[in-house]
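Kindly generate the complete structure, drawing on both the sequences and the hints.
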Amino acid sequence: MEFVNNVIALFVRYWPSLLLGVQTTLIVALSGTVIGLVIGLLIGGLRALKVDHTAPIYVKILK
31 MEFVNNVIAL FVRYWPSLLL GVQTTLIVAL SGTVIGLVIG LLIGGLRALK
81 VDHTAPIYVK ILK
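Adding 30 to a residue's 1-based position in the sequence shown gives its number in the working numbering.
Hint data in this document are derived by calculation from the structure and do not stem from the laboratory. Owing to the predicted nature of the structure, the values given are computational and were not obtained by experimental measurement. Where is the CB? At the ideal position from N, CA and C, for every residue including glycine. Treat the hints with care, since some could be wrong.
[Said to hold, decoys possible] Computed beta-carbon distance windows for the label pairs:
| id | residue 1 | residue 2 | range |
| --- | --- | --- | --- |
| 1 | L56 | L76 | 22 to 32 Å |
| 2 | I87 | L48 | 53 to 63 Å |
| 3 | E32 | V52 | 20 to 30 Å |
| 4 | Y88 | L56 | 39 to 49 Å |
| 5 | T55 | R77 | 28 to 38 Å |
| 6 | L67 | I87 | 29 to 39 Å |
Pasting the structure below:
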């Protein structure tokens with residue numbers, strides 16, 4: 031029972047730090063997810079483009 035009391039005492043004492051850690055973790059996770067989604071959409075969109083190999087170089091670059 032002493033262990034449980036120690037855990038509760040630690041939680042009561044350090045709950046602001048725990049909440050800050052949860053907030054930071056969520057921000058990092060969501061930011062990484064959004065950035066990964068954007069990169070994936072850009073790469074997927076670029077890979078889906080059809081390139082005409084007879085077109086001039088500036089057209090290939092713009093596509």
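Tested hints:
1. The hint said 22 to 32 Å for the Cβ distance between L56 and L76, and at roughly 31 Å that hint holds.
2. Look at I87 against L48: about 57 Å separates their beta carbons, and that is inside 53 to 63 Å.
3. Distance hint for E32 and V52: a CB-CB separation of about 27 Å, consistent with the stated range 20 to 30 Å.
4. Our hint of 39 to 49 Å for Y88 and L56 holds, since their Cβ atoms are close to 44 Å apart.
5. At about 32 Å, the beta-carbon gap between T55 and R77 stays in the expected band of 28 to 38 Å.
6. Checked against the hint of 29 to 39 Å, the C-beta distance between L67 and I87 comes to roughly 31 Å, which is consistent with it.
Of the numbered hints given earlier, the model fails none.
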